[in-house]
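Protein chains in written order, with my numbering: chain A, 2 to 307; chain B, 56 to 479.
FYI, nobody ran anything at the bench for these hints, they're computed from the structure. C-beta atoms are modelled at their ideal positions from N, C-alpha and C, and glycine is treated no differently. Take these hints with a grain of salt, some might be off.
What the hints assert, rightly or not - Have a look at the derived ranges for each label pair, beta carbon to beta carbon:
#, chain 1, residue 1, chain 2, residue 2, range
1, A, Leu204, B, Gly458, 54 to 60 Å
2, A, Ala43, B, Gly461, 45 to 51 Å
3, A, Ile41, B, Asp428, 53 to 59 Å
4, A, Pro69, B, Gln104, 45 to 51 Å
Said to hold, decoys possible - Going by beta-carbon spacing under 8 Å, a handful of chain A positions derived as facing chain B:
#, residue
5, Val94
6, Gly260
7, Gln271
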Amino acid sequence: MTTRPGTTTREPRTTRHHWWGRQPIGSLFALPYLVFVLAIFAYPLGFAVWIAFHDYFFTAPGVEVPKPFVGLDNFVTVLQDPQVLESFRNIGVFLVINVPLTVVLSMVLANALNAGIRWAAAYRVAFYVPYLTASVSLVGVWLLLFSSGGLVNAVLGPLAPDPSWLVSSSLAMPTIALYVTWKQLGFYILLYLAALQNVPRELHESAETDGANAWQRFLNVTVPGVRSTTVLVLVLAIITGANLFTEPYLLTNGGGPDGASVTPVLLIYQRGIQQQNPDTAAAIGMLLVIVVGVLSLAANRINRER
Amino acid sequence: MKHPRIAPAAALLTAVALTAACSGGGGGTGGENASGTGPITVWLSNNEQEVAWGKAVVEAWNAEHPDEEVTAQEIPAGSSSEEAITAAITAGTAPCLVYNISSAAVPGWVRQGGLVNLSQIEDGASYIEDRVGDGAQTYLTDDGYYQLPWKSNPVMVMYNKTVFEKAGLDPENPDMATYDDFLAGARQIVDSGAADSAIWPSPTNEFFQPWFDFYPLYLAESGGTPLVEDGKATFDDENGKAVADFWATVYSDGLAPKEASTDDAMSAGTTAMQLAGPWAIASYADSVDVGFMPVPTSDGEADPVTFADSKNVSMFTACENQGTAWEFLKFSTSEENDGALLEATGQMPLRTDLGTTYADYFADNPAYEVFADQRTGDVPSIPNSVEAWQAFRDAYSSAVIFGTTGVDEFLSGAAQTIDGLVQE
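Extracted from the complex, chain A is given alone in its bound form:
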């Protein structure tokens, strides 16, 4: 093979990739986040899995004690614990109330705000303020509202439940579910408002031309148009709900009454931190990860199947 005079030889383009990728600067910028994920996310997760399979407790530095592998013993222990099973049942009750309410209310309210109703700005603020306010502060307000001598019972008069909302085994978890729905609504409305901007106006106009009324347009144009956001809302609501801690800790005083609002994360806190049994706490955490994972997958599948 000869080379023409006046031309230069070019190296053939290589397909070899360096570990830092094609753009070393880009990798460099991403590195802090990668370190963050590994240190704060991956390592603790892996370590927690390891703890769940060992007889483990926290020790002072330099104190060496045997931490033998115990197989599934910690999982057997927690699965035979009535309190753990009750905590998962309680979370089930919470999710059954909270998740549908969250999806329906946030979608409907976002649609109303998007339609340009009067006082829309005031409503927006009203929806966002609970989301922006610390739960600890809001819990204080709800305690005043829903305690036996609170405002809600005063309004209900003879119709007030006895025992009252937060000390009734059957009403405590639904009350918490309502509280969390109300508190988180602003965030989910925001997601839906963003999604509604992407629903083409022409679809609404053509449906209207075809004779569809407002309800039919909402059902057949808006709802399918924001389906991917609905899946996101479902998944986030499931994750948030399954990780419930602050509300049963403060609103019903540590999972009361009589364990009716105890949650897996509350038990993780009690077992792992207060009682210094991180091994069984980690086992509860693993079970919760599996449950949340399965529910999130199911929610995601809704999007694929339609």
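Once you have looked at the hints, place chain B on chain A.
Below, chain B alone, put in the same frame as chain A:
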């Protein structure tokens, strides 16, 4: 989009695992640092009067020991002192001394290897036993003193004299020493409308709440028998049943609310009585005219044993200058500094002959004298202590507060659970 399936894992486990992740690395043990001298750090509770007392003591020490400077600070913020201390032990950042140790937490910290056995210090055991007398044995863990018994807040029944008068009860001599008389008086308070409730123990589910409802009355009824003795739960007997039945009646008759108060019920006048220690005298001095009576018993014992609610001092293995720490501990618990503590806080130093040692103080402050005269018992030092108290509280809540299970079932079930926990 990120991976939502993985996300909850981190949220759930980070808190648990991060603490453990910090536990690697070397550190000192008690033996290596036993005679070290030099600067030390001590933690105080966040009680305003205790902080003031602590700073004065530290100032006095530092003036005479410039090479062994002591730095005092409040226990770092946390939902409880115990959690902050547990995390500090695990991370190797515990101070030399903490002046707010609950006996219930000590066995767990001993298991962690976080506490120094004071009995191994040359004059450790003798100093503690000379100070506390026979009662010192209560504070042994694995045959060693891992805490120096420091001060107590004997629990008594505090009542609002104005509410009592309104209900037609004699505020100077309520005559409510027996369960029957107590319940009759309580009904009188509620029926008369003098207060919405007769007494308002916190019905919440924290492991330590039994110390302020069941346990003082159980100690009184049983003559001072701790919850667990010789590795066995003691309360599944006629004494435990009498106390549990008493509280169950209080709740079932609507004499005590089943939900937590949203404000200070004594100050708000929504309840007439609380179980409280001498700290309450100063706290309510400006708002409520309070009186105190011993906790009731079935037969009206005149001088019952009650819960000490003690707070003690422990030395931590992370301390590099344990020689200084021990000397400072003795200095801060000297007769003079105990007297200053009593003066500043109204809390009772755990030492023999309290009444005679500080006779002048009690002569000037007669309201506190009744607390000094109380016979007290404390929480036993047992394995899995917090877990045992939590199991007790869960079962108690179910049977006594909410009435969903029977009292007999609660006593036998909780005793069986606790027997298993203390044997582990």
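Hint check:
Restraint check, Leu204 of chain A to Gly458 of chain B: a C-beta distance of roughly 59 Å satisfies the suggested window 54 to 60 Å. One distance hint, 45 to 51 Å for the beta-carbon pair Ala43 of chain A and Gly461 of chain B, holds here, with the actual separation near 49 Å. Between Ile41 of chain A and Asp428 of chain B the Cβ separation comes to about 55 Å, which falls inside the hinted range of 53 to 59 Å. For Pro69 of chain A and Gln104 of chain B, the Cβ-Cβ distance of about 48 Å falls inside the hinted range of 45 to 51 Å, so the restraint holds.
Given the 8 Å rule on beta carbons, the hint for Val94 of chain A is violated: about 17 Å separates it from the nearest Cβ of chain B. Annotation: Gly260 of chain A was flagged as interfacial toward chain B, and the flag holds, the nearest CB pair being 7 Å apart, inside 8 Å. Given the 8 Å rule on beta carbons, the hint for Gln271 of chain A holds: about 7 Å separates it from the nearest Cβ of chain B.
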